[in-house]
Every structure is written in C-alpha cells, then in structure tokens.
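Please model the complete structure; the sequences and the hints are all you need to start from.
Chain by chain, the residues:
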Amino acid sequence: MNDKPDIRVLLIDDEETLIEYLSKRLLREGFTVKASFSGEEAVEVASNNDFDVAVVDLKMPGMDGVETQKRLKKIQPFLQSIVLTGHGTLDSALESGKQDAFKYLLKPIEYENLVETIREAYESKVQLQNAKFREEVENIYRSGMGARGIKNAMNKLRKIYGIE
Amino acid sequence: MESSDPPGSHSKENAQEILGLKMELLQTRRYLQCILQHSNDIIFATDAGGILVSFGRGGEKALGYPREEVAGRPIRDLAVDPSEFDRLTALAQEMGNAAHVEFPFRHKAGHTIYCDVSLIAFTRAEGQTVGTVGIGRDVTQQKKLQEDLIRVDRLAEIGRTASGIAHEINNPLAIIGEISGWIRTVAGDAKGLTPEDREEIERAVRFIQEQTRRCRSITHQLLSFVRDSGPSRASVDIHKLLEETVSFLNPDLKYKEILVSINLMEGPLVMDSDKQMLEQVLVNLLSNAVYAVEEKGGKGGRIDIATARVESMIEIRISDNGAGISEENQKRMFDLFFTTKPPGKGTGLGLPICQNIIRKLGGDLSFKTEAGEGTTFFVRLPVS
Ligand SMILES: Nc1ncnc2c1ncn2[C@@H]1O[C@H](COP(=O)(O)OP(=O)(O)OP(=O)(O)O)[C@@H](O)[C@H]1O
Ligand SMILES: [Mg+2]
Numbered sequence: 031m032n033d034k035p036d037i038r039v040l041l042i043d044d045e046e047t048l049i050e051y052l053s054k055r056l057l058r059e060g061f062t063v064k065a066s067f068s069g070e071e072a073v074e075v076a077s078n079n080d081f082d083v084a085v086v087d088l089k090m091p092g093m094d095g096v097e098t099q100k101r102l103k104k105i106q107p108f109l110q111s112i113v114l115t116g117h118g119t120l121d122s123a124l125e126s127g128k129q130d131a132f133k134y135l136l137k138p139i140e141y142e143n144l145v146e147t148i149r150e151a152y153e154s155k156v157q158l159q160n161a162k163f164r165e166e167v168e169n170i171y172r173s174g175m176g177a178r179g180i181k182n183a184m185n186k187l188r189k190i191y192g193i194e
Numbered sequence: 080m081e082s083s084d085p086p087g088s089h090s091k092e093n094a095q096e097i098l099g100l101k102m103e104l105l106q107t108r109r110y111l112q113c114i115l116q117h118s119n120d121i122i123f124a125t126d127a128g129g130i131l132v133s134f135g136r137g138g139e140k141a142l143g144y145p146r147e148e149v150a151g152r153p154i155r156d157l158a159v160d161p162s163e164f165d166r167l168t169a170l171a172q173e174m175g176n177a178a179h180v181e182f183p184f185r186h187k188a189g190h191t192i193y194c195d196v197s198l199i200a201f202t203r204a205e206g207q208t209v210g211t212v213g214i215g216r217d218v219t220q221q222k223k224l225q226e227d228l229i230r231v232d233r234l235a236e237i238g239r240t241a242s243g244i245a246h247e248i249n250n251p252l253a254i255i256g257e258i259s260g261w262i263r264t265v266a267g268d269a270k271g272l273t274p275e276d277r278e279e280i281e282r283a284v285r286f287i288q289e290q291t292r293r294c295r296s297i298t299h300q301l302l303s304f305v306r307d308s309g310p311s312r313a314s315v316d317i318h319k320l321l322e323e324t325v326s327f328l329n330p331d332l333k334y335k336e337i338l339v340s341i342n343l344m345e346g347p348l349v350m351d352s353d354k355q356m357l358e359q360v361l362v363n364l365l366s367n368a369v370y371a372v373e374e375k376g377g378k379g380g381r382i383d384i385a386t387a388r389v390e391s392m393i394e395i396r397i398s399d400n401g402a403g404i405s406e407e408n409q410k411r412m413f414d415l416f417f418t419t420k421p422p423g424k425g426t427g428l429g430l431p432i433c434q435n436i437i438r439k440l441g442g443d444l445s446f447k448t449e450a451g452e453g454t455t456f457f458v459r460l461p462v463s
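Protein sequence lines, in the order shown, are assigned to chains A and B. For the first sequence, counting from 1, position 69 maps to 99 in the numbering used here; every step adds exactly one. For the second sequence, counting from 1, position 98 maps to 177 in the numbering used here; every step adds exactly one.
Keep in mind that a hint or two might mislead.
[To be verified] Below, simulated EDC-like cross-link-like pairs (lysine to aspartate or glutamate); rule was C-alpha separation at most 20 Å, straight line: (1) A:K103 to A:E153; (2) B:K354 to A:E140; (3) A:K89 to A:E71; (4) A:K89 to B:E247; (5) A:K155 to A:D80; (6) A:K54 to B:E281; (7) A:K54 to B:E247; (8) B:K222 to B:E247; (9) B:K270 to A:E59.
Simulated from the structure, these hints should not be mistaken for laboratory data. The structure presented is a predicted model; accordingly, all values stated were derived computationally and were not measured.
Here it is as structure tokens:
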C-alpha cells in the first residue's frame, strides 16, 4: 500500500446510505475520503481542503452535478470530476455540461469500475498539474528575475501546486 | 272543356304525357341504379317484414355477399346482434329514421364489419310504411386505425412509466450493491471466523451481488429501450464474443445438461460494431433458447451456434431443439412485454430490445420455428 499514492476523493451524493458505504469501502481501499451530501456542502468543503478527484451525482436537489463540478473546478482547477448519471440523463448532461468532466459513469455503478476510474482520474490530474507546473517554472526562468526572485517565485509555485 | 277537344288530340296529349313520365321514370331508375352500382356505401331496402328487396354493390363489397345470395333474406341476419338491429328498425319506423355509429355486421367470411348506419322508414304517400331504406358506411378501417393509435400511445405511456420505475429502483439497487461489497470486505478482514462461516458469507454475498447485477441489467435494458442512445462503434471480434458469451452462461448450461455446439466459419470474424449491445442480444437469445429447451423437458437438449457469410451480411444463427413457438404467438414475439413465461422468469423485453439493437446496428433479426421441434434465430449484420 505504500507505493500507492494517497488519493484524496470527494464524494457528493444526496443518497446518504450509499455515500456512507461507498466511503467506508473506499477508505479501506486506501483512499482518503470526504463525503458530502449536497453540491453546496461540497463547494464549501473544497474551499478548505484539497482533493484530487470528485465523484458527483448528477441529479441532486439544489445544486446539481454539472453546476457543482463547474464550481469545484473554479476553486481547484486540477480537480478531476467523475459524474454519476442515471440512464436517460446522460445526453442532457453532455449537452448542458460539456464541462470536461473526467468521465460519466452510469448508475448504478460497478464498484470495481469506479475504483479504476478514480485511479485514472488521479493519473490524469497529476499529469495536467505537472505539465502546468513545468510551464510556469519555465516562465519564471524566462522572466529574467534575479536568483532571489526566482527562488521566491518557485517557493510560491510549489505551495500552489503542492509539489516538493 | 274536355268535350270540346277532339278525342284524337286528347288521347294524343295523354299519350305524350305518359311517355314523358315514363322517360322520367326510366331516368330516375337509371339514376338510382347508378348509385346502387357505384356507391361504396352499403345501400339497401327491405319490405315491411325486414326482407331484403334491394342490395347495392357497395354492400356486396363490404359484406362479401353477392346480391342473389341475400335477396329475400331478412337483413337482420347480417347483423352481429340481430335483435339490436330489430330495435334500430323499430326506432326508425317510429321516428321516421334512426342512426347508429359503428354498428357491427358480420362479413360472409366471418369477421366483423363496423358501419355507421342510418335507417329510414320507407312510406307510401298516404303515410303507410312499406319498408325500410338503409345506408351504411364501412368504418372498420378507421376504427382499427384509431385503435392502433391508442395502442401506440398506451405503449409509449407504459414505456415512460417503466423507465420511471427503473430510475427509482436504480438507487436502492446501488445501495444494496455497496452494502454487500462492504460486508464482503469486513468479513474478509474479520478475525475469529471459522473457514466454513467465511465461505458461507462469501457465497451469500456473491449471490446478492449476482442478483443485483441482474436487476441492474434489467433496468439498463429497459432504459436503453426507452431512451435510445446511438450505438458506439469499435472493432468487435464476433467469434470471441460468442465464445465469451457461452462461457458466461456455461455454469447454467452445465447444470441443465444442455449440449452447446459452436460451428464457426473459417478465420476470425471482426467487424465494426457495438460490443456491449451485441452481447446483450446474444445473452437474450441464448437465454431464450435455454428456457425453450428446458420447457420442452427431457434429455438431449441442444443449442447450436453458427456463423456464416450470407451475401453482404454476416449471419449468426442460434438454434435450439426446444419447445418452438405456436403460430398464434409468432406474430407477437417482438411485442413489448409479450411473454409466455411466469412472473419472475420473463418480462417480455428480451426480443423487442434485441430487435431494436440489431436495427440500430443496421442489421435485421428474424426467426424460423416449428412448434415442438425448435427454433432458430438469425442475426444479420452488415459487414461494415
Ligand atoms: N428460442 C425460443 N423458443 C421458444 N420460444 C421463444 C424463444 N425465444 C422467445 N420465445 C418466446 O417469445 C417470448 C418473448 O421472448 P422475450 O425474450 O421477448 O421475453 P421473455 O424471454 O419472455 O422475457 P425476458 O427476455 O424479458 O426475460 C417468450 O416468452 C417465449 O414465449
Ligand atoms: Mg428473453
């Protein structure tokens, strides 16, 4: 379990029992899991804690999955969202959304499939983040700051990206 | 005055008048004949006793009787319910006329013809009734069309209701799935369980999961039927898919002692198609075959699977030597919710969904069957 990365997952669904058991299983699997029962709650949680992957139910009272995902992306640009949809709602989700969710999964989900998708989403997040990080580092070096300025800027970047 | 006229001219004038009337009468008769010959409506007349004295071509066509065959017979005999016709006649006599929409008559061949009919009391100048004139229009076609429309409407309604239910069931289903997964994990890590107990729990959980998967596949099938999402396209190895599907069903087949033979055409058979959809079709057709073989009972149940190239199509044949399908049921096979199986064994969704899928993939689905002998289903798909 040590060579596995710590993946931080935010679960968002109004079906509390489902979320309860899903969290328990994912926790045992070695994920770090935070559960929230509405889009609004999730947005609040995400303002204070960083996550790698969000699993969002499309249909929720109040803020729906597409909207939630949009907001989360604003707060944490690299966060990857997996959206759970009922059957008929898939098309409408794709239309209204096109919000570059990492993937749409059909409900009821297969657990193994979900776990695999979370891992893929994480990989994708790390890659995006690294690419962006490299780009910014290059920008800093090209900017012609002095050694001290570079060091400061780098420290700031590291903090933003959570990269050592 | 009359006496002043010369007798010759008098009779001449009279004769002239009679001739004129005769001509007019002839003209009127021709006119009536023309109507009786060419109208598509059922036009008839009876005497006071209800015996047919006139029956037009329209009636011959609509009810299938040549005039000679019904002339002299009571018209009421042609009604599905003669006493109802009597009531209508009586009403016409009393009121002068009477009408009835969609009155059922019996066609010579036995089926029912619905007519909008009017009956008119036929009277002499002095008011004495001498019979009845009837005019009817065959509305069977319209009636059927209307009923079809209602049926299609109802079907759509059933579809919507069913998909609503399927949606609702999906959530609890997901929860059951998650909880059973959790039980397995907890039991797996638990200390102090005897190996037997551990095995028992494992088995029970496996069954719960199998059954939830089954429910899920039903709800997905139902929803995919109601909401058509287009097929995806990727290269599919048909032969591999067939073998996978059979091995997926294998435990069931072994247990039921059904012999499955696979007879594939030479070489790999790869085509652009939707693997999941095809798999759904194959599972449906094979489970139907298994059931049919079982239904027939006895030993020696067989299912043969074969592939072949037929013209520009690929054909997958699934044959069983099961119960076959009665002629009556053959027509309804692809109807939504048509099933001969007891509740819990069949929902009648399998075949309509298969047909839907195969059509979406640009192919067609057909079958040949003989009651008591067996059935073959043919899945034809365009090569690319
Ligand atoms: N191979 C077969 N042999 C004999 N009868 C068949 C065969 N396949 C289908 N049928 C008949 O057609 C009916 C409809 O089949 P269909 O697959 O649509 O529904 P089902 O099998 O009854 O239920 P479901 O597939 O939804 O579980 C069946 O109930 C059965 O009577
Ligand atoms: Mg079936």
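A quick look at each hint next to the structure:
no.	hint	in the structure
1	A:K103 to A:E153	holds (17 Å)
2	B:K354 to A:E140	holds (18 Å)
3	A:K89 to A:E71	holds (15 Å)
4	A:K89 to B:E247	holds (12 Å)
5	A:K155 to A:D80	holds (13 Å)
6	A:K54 to B:E281	holds (19 Å)
7	A:K54 to B:E247	violated (24 Å)
8	B:K222 to B:E247	violated (37 Å)
9	B:K270 to A:E59	holds (18 Å)
Hint compliance for this structure: hints 7, 8 are not met, and every other hint is.
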